[in-house]
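Q: So you can see what is in the structure, the chains are spelled out below.
Number of protein chains: 2
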Amino acid sequence: MIRNMTALAALALATPALAAEPVLAPGEIVAAAPKADWVAIAPSDLLVMDLTPDAKAKPRRVVIQLMPPPFSQGWIGNIRKLAAAHWWDGLSVNRVQDNYVGQWGDANGEDKTKARALPDGLATMPEGDYILRIDANRNAATALAQGMARLALEAAMDASGDLKSNFPAGDSFAELTAHAGGWPFAASGANYWPVHCYGMVGVGRDMPPDTGSGAELYTVIGHAPRHLDRNIALFGRVIEGIEHLSSLPRGTGALGFYETPEERTGIVLVRLGNEIAALPAYEYLSTESATFARYADARANRRDAFFIRPAGGADICNIPVPVRRVK
Amino acid sequence: MIRNMTALAALALATPALAAEPVLAPGEIVAAAPKADWVAIAPSDLLVMDLTPDAKAKPRRVVIQLMPPPFSQGWIGNIRKLAAAHWWDGLSVNRVQDNYVGQWGDANGEDKTKARALPDGLATMPEGDYILRIDANRNAATALAQGMARLALEAAMDASGDLKSNFPAGDSFAELTAHAGGWPFAASGANYWPVHCYGMVGVGRDMPPDTGSGAELYTVIGHAPRHLDRNIALFGRVIEGIEHLSSLPRGTGALGFYETPEERTGIVLVRLGNEIAALPAYEYLSTESATFARYADARANRRDAFFIRPAGGADICNIPVPVRRVK
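Going down the list, the protein sequences come from chains A and B.
For the first sequence, this note's numbering begins at 38 and goes up steadily by one.
For the second sequence, this note's numbering begins at 38 and goes up steadily by one.
Take the hints with a grain of salt, since some may be wrong.
Repeated chains share a single entry, so a pair holds when one copy, or any two copies, can fit it.
[Said to hold, decoys possible] In silico lysine to any residue, SDA-like type, Cα no more than 25 Å apart, as pairs:
1) K95 - R287
2) K149 - F343
3) K72 - G146
4) K118 - D82
5) K72 - P105
6) K364 - E65
7) K93 - A291
8) K364 - G293
9) K72 - P90
Bear in mind the hints are in silico, worked out from the structure with no lab data behind them.
Please model the entire structure based on the sequences and the hints provided.
A: So this is what it looks like as structure tokens:
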């Protein structure tokens, strides 16, 4: 949540306001970002899903970015194995529930006589892995001190290791939210976790204590269902092609499952990005860049010509991290 | 935003917890509501839009509930005139932008040589009508003292007319949010306004100070774009058939506009509900009922079997007002 951010206000003041200078919309700020503000996404950190072509024979490709360490690495390890085994090929999108999720995997997964066998060697993760604990002592001995955890510490905690009391308030689900390492997360107390924004991808599961293997996957296609945060594993986000899932017909069965096999959309293949020929290169806007700070401020305070009253704030899911094909 | 609500906690305590009693999911709480907790929606407060049948010849009907006074009555008056004139018949859905809005009206509206003429007598509303001012003195002399405004006062303000300092905090866009009179709204200072939750319907407009006539309409089909609050007029919500708009193919032009006429979805007719033969009766769950309080608490604190950690809060758009056909 972004509100009354002093650093951003200072940024704005530092920019001379020429009378003729147009106020940039968030997308225009992103388009003007220097190349150095963009971070390359390794093809091996992409999961590509090709659905069967649509009614007009147009291809439907969905590109998913996997989260970096330390998040959800157990599930991501399984997902890499499933992709290597071509496990999803020939399966289908089985559920599309309006304003909630689209879900794909084995439509017969609940029926042991028909279910497709999982590859050997998949890990089983504990529920505790839905959340990471902030290392208040900032010791470098654990993976938590690396990458996103370090950024989270810097963003969220003061020198004594407490959550900053002056951190902008205003999220409905957590003590604070912030972007770090290119991803949205929330934190309360010493715990933090990724959040269910539009397009985030998670691991379907049965009733607790099951945590899911990574074979059954879903993505958010409606208002952020943040009540799922900390209750289910998120492992990535759709960076291209979400419309191929969000615009599918809604299932008319319970929870939006399709009632007949004919209604399902087939999966041609799922592969890691490094196994796809001629895949474009992708990059995301560094959430630690000055451009991202200006972009987030502009999302929270729209000043472009259409708007008459800047909101003065935004929830974290209203500030999606920009991702683009490399030019 | 619902968090730590003392009244709700008291409600929960007042319910004997039998060992064998299952914890109800939000939908189960709503299903068990007594008839008295439901409020009938007058057919004359519904706007029915029939789209052309889909590729499988299935009908596509969208049912919209109009907001009650004191909100947006100028635009709603225009919309009633436009429906009476059959103005939308034969027009189309012209824009579907993923994770944002679907929009319908006159595809040639920007071209004065081709635009369909508007009926005579449409009102022009000022930007000030996007917002209502809370009457801190609670005088009954104005329309604001009626209906939703009274409920807003009771919910949001203490006896001295100030916003309650202990009102649950945590919205990212406003000082407080609450449901009243069956609708979601936000408030800051002495102002309040309806919010852009999923399925809410608003009035498209040109650049300010244009406020739109009500001829060009849109509905939210993604994460709540709350930055539009107070910048554009909301006048209703889709209560049935949102999937006929949210699952349409996304437009590939700027802002999700379709690039060719063939991509648009035709509108067969738009009428007020009282002009539609055999329209089902609809009712909404009173937001002032004990059932709604339990439902909102359950949305904010999921305790049904799937969940392991209740969120402890919810943003207002995560607590949609239940609407159903009368049995």
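Q: List, from low to high, the hint numbers that the structure doesn't satisfy.
A: Per hint list: 3 and 9 violated.
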